[in-house]
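Protein sequences appear in the order of chains F and L. Quick note: to get my numbering, add 154 to the position in the first sequence (first position is 1). Quick note: to get my numbering, add 138 to the position in the second sequence (first position is 1).
Calculated directly from the structure, the hints in this document are not laboratory data. Errors might be hidden in some of the hints.
To be verified - Okay, derived cross-link-like pairs now, DSBU-like style, lysine-lysine, Cα gap no bigger than 35 Å in a straight line: (1) K535/L <-> K453/F; (2) K639/L <-> K159/F; (3) K682/L <-> K266/L; (4) K690/L <-> K335/L; (5) K678/L <-> K207/F; (6) K616/L <-> K453/F; (7) K644/L <-> K207/F; (8) K682/L <-> K207/F; (9) K453/F <-> K159/F; (10) K494/F <-> K207/F; (11) K690/L <-> K623/L; (12) K644/L <-> K251/F; (13) K266/L <-> K159/F.
What the hints assert, rightly or not - Over the 12 Å line for every Cβ pair with chain F, so calculated as not near, a few chain L residues: (14) K165; (15) T234; (16) K278; (17) S280; (18) T402; (19) N663.
Just so you know, even glycine gets a beta-carbon here, dropped at the ideal spot from N, CA and C.
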Amino acid sequence: MLSVKTKTGLVFFPAFDWAISPTHPEREERLLYTQDQVFEEGLLDIDGIIEYKPDLATIQDVRRVHFCVPDEWSVLTESHLISAGGAKTIGMQVLEKNVERGFALVRPPGHHAMRVVHGARGFCNINIEAIMVEYLREAYQVDRVAIVDTDCHHGDGTQDIYWHDPDTLFISLHQDGRTLYPGTGFGYEMGGPAAAGTTINIPLPPQTSEEGFLYTLDHAILPILNDFKPDIIVNSAGQDNHYTDPITNMNFSAQGYAELTRRLQPHIAVLEGGYSIETALPYINVGIIMALAGMDFSKVREPDYRPERIRQTAETAEQVKRVVADVLECWEKGPRLREKHRLEKKSHKRERSVFYDTDNILETQLEELQTCRDCSGVLSIDSETDRGHHVLAIHIPRKGCNECRELGYRLYDGANSRMYHQVFLQDRTHDQYLVRKN
Amino acid sequence: MIIGLDVGGTHTDVVLIGQNCIHRQAKVPTDTSNLFDCVWAALDEVTRDIPPEEIKRTVLSTTLTTNAIIEGKMAEVAMILSPGPGIDAELLRTCTHYHIVSGSIDHRGREIQPIDPVEIEAVSSKLKGAGIEHVGIVGKFSVRNPKHEIQIGEILGDSFHNVLYGHRLSGNLSFPRRIATTYLNAAVHPIYSRFFKAVKDSLNKKGLNIPIHILKADGGTMSLEASLLSPGQTILSGPAASVMGSLPFASLEDETLVLDIGGTTTDMAILIHRVPLLDPVGCELGGYKTLIRSLKTYSIGVGGDSTVGVVDGRLKIGPGRDGPAMAYGGPTPTPTDALFVLGKINNGDAEASRRGLEPIAAALDMTLEDVANEVFDHACQMILNAAAEMIEDINSKPVYTVQELLEGYQVQPQEILVLGGPAPYFAFRLAALTDFQVHVVPQWQVANAVGAALAKNTSEVTLFADTERGIAIAPGEKFYQQINKNFDQKNAVELAFELLKNKCIKEGAVESELEMEVLENVQFNMVRDFYTTGRNIRVKVQVKPGLVSEYKDIAASMINASPSEKMPEK
């Protein structure tokens, strides 16, 4: 009987009865052919590949990460809790050491969901990786986490959630934001004042192929991970860099994804986007599972795979090299910037708009971080939408010091309730979540 | 009258069921090295002086194929594989003559790369040169499009004694299991057909020209003729016979755990409202994972004759068997000997039992009686633990829709039905150790043979339709049809039922007894560039395992015949 070197957990949850709308890319059919391929290859029968039933994430799990406005059930469905729960299940199996690695092959995705949630953005409602990571931190005292997002779209939601967290290294590898949704993810976006440098954006030019992705991995991502020394590595394994993806412009392949997985060695991979449901996903997913399990994936390929036809140009290769050089420079700068801001101890504000393309909502945020010498500081977010919701959300970080914790509660108690429909407090030091309604 | 015969590991049980009752029953020792003689002896025993025309049918369940696989006594088979891209097919090798050829079909059944006839011809002449007679042909996704398997078969022509196609054996996905299933079916074919030719000839000689049905792993029967096409379906029919024998006595409202406690092993299965639970993919035997439709059964190495010993200061029962209990002249103490020591059984040499358990009592520093109780409890506990594991395994099976996940259906048996040699003794103890309602199956010693006798024909049809490609295909039925854009789920189910009905009747079923049901019925809208371009439909229908209509009267008479064997209600 076939067995593998690396014990690998798999949660497969294709949500065959859930869609954003009947013809939406995020529809019932999305993982149908992936299921066929995974079943036909017999991967679930292999000794050492273990399929788990997903747990349901709880509202408390969501509240560790998000401020859902006006409440959780208004912005999510059971399907989202299963998807986040699937990621959580894999995380638990890895940390319980029942498996060495795992893959949550689940939908709907989550990496565009930010800390404040008024609705769906980029097909995402809640951030399934962040919900898993914060659960693992609470339940298993995991500290340093690296999230490597290999979806073709910038993981702006995950970036937002970990923007101020120096213990979470977020690396997003994506098609240049000037050419693709959500239009962000540039090199200069490198994290908030207390976490400068722990957000790493690698915008790759369109038509980047295997060579470019693997060059970036070897020359930027792996060295940075080596410096950061995370307890666990999470891969947001979006699959839309594929050369046949209908909504992106990259030239990546199943072989490339599998090889990237083999070199990255993530503890936990979580499916994100990827909408070439017939010609890419079945092969990429089989490739990723086999790579995680340490199997030989050299014979996994798409029916129309011709590496020479999708090879990047010399010019693209040059561009990739320049991007990697910029990334390494940012990484070098990070620690100095963090130290400088820590000692300054002052308030940092940022104002921005967030557009929820899936639900057509426009949100305006005023975010304020009080930097602190002893912790990463209290964050408050004043958020208002064009639908008239106005809320204040206070976040006390996981390692918040006593002083900052008290400040957080003062801000919560002192908020002018006539100004806001709701005031939220997320106290990560004591795993608490409070809501005050007008 | 119906004959039911079940060859077990230790005994071969046979019953002759007449009008409303078990007319005759017999038990002969199984001689694995000469199954034919023991089948023949058993048949001879129950048919003596019975006018041949009174016997309507015979249902046989044998360990022939199971043993051949476990002992590796199989014919030489060559496999021709067309894997296309994916897992390295070399990793799935089943035999020496294993040829990986070109050609590829994708998940929707589209031809990606044709086969290469020259390559196949070369393989063919090599196999002929090697004197190969049996060939299995398996393609990846051949159940979505069997074209390549069929083309390869055509090139092989008539040069081989038997050529088996993967797509005909099951409609389920799993290339590795399809390979194993095809290989096993081909490899047991010669021994199987030889055996049943001998049975048939001998019956004919005796003037018993009766239809022979064969019990399958799924608890259903098929005609002898149909079984020759897929003899692999007869593996693990033994546990299935016992499960079918317990069926009439199971609760209609609850879920039931069936325990068949034999000499060497205890086999267990689950009934849901008197319907046995099937394995969703196929059974596993001798290290082969297959697509052979089967009841969900588990087996552990604990039974009445299991060896009892002390290892590292602790009691150890099974998994081996050295022979019968010492009370019956065996060499090693067993749980049955514990029953002798406790005075529960007394038709043997209780002194021998005591002699056997004494060293164990000494080693554990316990009295003889305490040790006997301990042995018995320990055996019961092992069985209960294994049952709990099996139930946990069934309940942790993943589901793929939000609705199913939220419903979270869990199997939770309320009662245990026990059968097999030491059934009543174990039942009492199991009742004391658990909260289950525990019952002994009436006529527990031959319930397995009764199960075989009364089992109905079963069958399954898998249909796959893709309206974008305009095809409906049921590979197992050699069915392929062009369909139009309007073909939908309802049409698919109707078509599948039609195919199933024809298949069952061909395999010897009675039309009026066909209880057909839908196992799977899903339809996906296929959307390309934001427009719906077709429907992808997957339907699976079956005739579920059950008993022929005569069973109700017989069941009643079995209960009446043995009122004392019913356990007190708790």
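We went through each hint and held it up to the structure:
no. : hint              : verdict
1   : K535/L <-> K453/F : holds (30 Å)
2   : K639/L <-> K159/F : violated (46 Å)
3   : K682/L <-> K266/L : violated (42 Å)
4   : K690/L <-> K335/L : holds (33 Å)
5   : K678/L <-> K207/F : holds (23 Å)
6   : K616/L <-> K453/F : holds (30 Å)
7   : K644/L <-> K207/F : violated (40 Å)
8   : K682/L <-> K207/F : holds (27 Å)
9   : K453/F <-> K159/F : holds (18 Å)
10  : K494/F <-> K207/F : violated (47 Å)
11  : K690/L <-> K623/L : violated (47 Å)
12  : K644/L <-> K251/F : violated (52 Å)
13  : K266/L <-> K159/F : violated (39 Å)
14  : K165              : holds (36 Å)
15  : T234              : holds (18 Å)
16  : K278              : violated (6 Å)
17  : S280              : violated (10 Å)
18  : T402              : holds (23 Å)
19  : N663              : violated (6 Å)
Violated hints, in rising order: 2, 3, 7, 10, 11, 12, 13, 16, 17, 19; the structure is consistent with all others.
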